[in-house]
Amino acid sequence: MLKINHIAKTFNPGLITEKTALVDVDLHLNPGDFATVIGGNGAGKSTMLNAVAGVFPVDKGSIEIDGVDVTHLPEYKRAKYLGRVFQDPMTGTAASMQIEENMALAMRRGKKRGLRWGISSMEREMYREQLHTLGLGLEDRMQSKVGLLSGGQRQALTLLMATLRTPKLLLLDEHTAALDPKTAAKVLELSDRIIREQKLTALMITHNMQDAIDLGNRLIMMHEGRIVVDVSGEEKKKLTRNDLLGLFEQAAGQQLNSDKLLLS
Amino acid sequence: MEIVKLFNALPGAVSQGLIWGLMAIGVYITYRILDTSDLTVDGSIATGGAVAAILIINGWNVWAALLAAFVAGMIAGFVTGMFHTCFGIPAILSGILTQLALYSINLRILGNKANVALSVNKYNLLVSSRNARSLALNNPILILALFTIGLIALLYWFFGTELGASLRATGANRNMSRAQGINTDKNVVLSLMLANGIVSLAGALLAQFQGFADVSMGRGAIVIGLAAVIIGEVVFSKVFLNFGLKLLAVSIGAILYYCVIQVVLWLGLNTNDLKLLTALVVAIFLATPHWRAKYMAKKKGGA
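If you're matching them up, the sequences are chains A and B in order.
At position 193 of the first sequence (counting the first as 1) the number is 193 in the numbering used here, and the numbers step up by one without a gap.
In short: position in the second sequence from 1, add 264, done, that's the numbering used here.
Just chain A, with the same shape it has in the complex:
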């Protein structure tokens, strides 16, 4: 479903702020793969996700989504294939617009936007049902501005918007990191449920090693712009935190500062 072929990315080349974020990343996801991504700060996790989303062009390599080469497509055109949830709850929604308007925008991802009315009453009913499944009572506040919602509510809504039109690939960029532990657990559970129900292919960055182990069928660890660990299937099911630390030391060839990696 996703083929990342040896991509590399250096920001600000030739300047004093030059930073090589991706050295050589090669990753193939099969349809239905739910891969969790861990790694220390600056390992290149977010850069990899943003490269897939097309936030910036890559220096080398190519990216294919569902057989389509998207390497040179701008961000807004790739959106057709992708559902995205960001770390900052403010990023994924338009605060000054209503809940239903946000959903109507998401419903038209990858479609031509013309002079038809922006939202139909049939859609509205569907949104109401979808919001009901979140269990947050948002179905009764569809005309409220999104800016009035809490961070957790906004992330849940963003998640719903990302999967309203079934994406080829769901990109979750530490989407629970800015939430309190209870809300984070709820949003994570919701993510897992949606991914299972819709049989989505997903890539989820997390700072929480236990979440990375518990969720998904595949685990990827990054270090200094490379993928250093990639386990899946039965091997992943049996994985423990200690195994993971051992794997990392082996691959990275250095002692892991576990405090840096593990926030919890």
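No lab work stands behind these hints: they were computed from the structure.
Small disclaimer: the values here were computed from a predicted structure and weren't measured.
Treat the hints with care, since some could be wrong.
[Unchecked claim] Taking lysine to any residue and the SDA-like style, the derived pairs with C-alpha atoms no more than 25 Å apart in a straight line are:
id	chain 1	residue 1	chain 2	residue 2
1	B	K558	A	M90
2	A	K3	A	V229
3	B	K450	A	L115
4	A	K112	B	K450
Starting from the known structure of chain A, fit chain B onto it as the hints suggest.
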């Protein structure tokens, strides 16, 4: 200080306010919806006036001339949009560049003259200050009010469509918009075109109303537009929540602005000091939210 003099001047002030209200609705589109300050308007309002004046003098129908002015404004907005999105120049600077360039272009349109007379005696105009106190259908207040309502209705419809909603989303959150497949660069250009088209249209009406097109008729236009937007918000923000009513508030804001100006002139203010007064008033209104937030934070911290 005869009160009669003030009353005689008010219909003209209201008409002028209505015209500048149209212009301010254009400013509202960039300043509030797109969340960008577009300084092209100082130039594009004069472009509208110049285009309409020259075309009417050359025998064009007044409605065709208005349409041409609208298109001319859209082209100006397109240029600013290209400076911003294709050349990567900051929005404010892009607007200043276009505005400067338009000064030369406007002079060319006016046949290398600083101003061109457009007398209501010679031509069939839509609005004229001469009829400001008439009690007939040619009264500019009536015509301009209808114009304003028509424009607000059109914009209400447009910003409710799929395309219009994507424009609003672009202004609200560009990252989110791109993630939802919206071409934000295209939308920025489109918004600037729409806004400057409307501003230019207001310029075309202004030239008819005052009976001439002047190359510097747009000096400080952005500030007057902002004044209208902000006065409208301060007065009506609690009661006008619907989008259409918010646009109406902008128009009323412009009318209030011109009525207040008329009053201070009547009270004896020197006309030459008007721009200074306007700038001060707008600066204070713009600073108010900042000051209020600071004051609230202090109060909160102290408690």
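Taking the hints in turn, this is what the structure says about them:
About 23 Å separates the Cα atoms of K558 (chain B) and M90 (chain A), which keeps this hinted pair within 25 Å; it holds. Under the criterion of a C-alpha separation no larger than 25 Å, the hint pairing K3 (chain A) with V229 (chain A) is consistent with the structure, at around 17 Å. Pair hint K450 (chain B) plus L115 (chain A) holds up; C-alpha atoms about 16 Å apart against a cutoff of 25 Å. Between the alpha carbons of K112 (chain A) and K450 (chain B) the distance comes to roughly 13 Å, so the proposed pair stays at or under 25 Å and holds.
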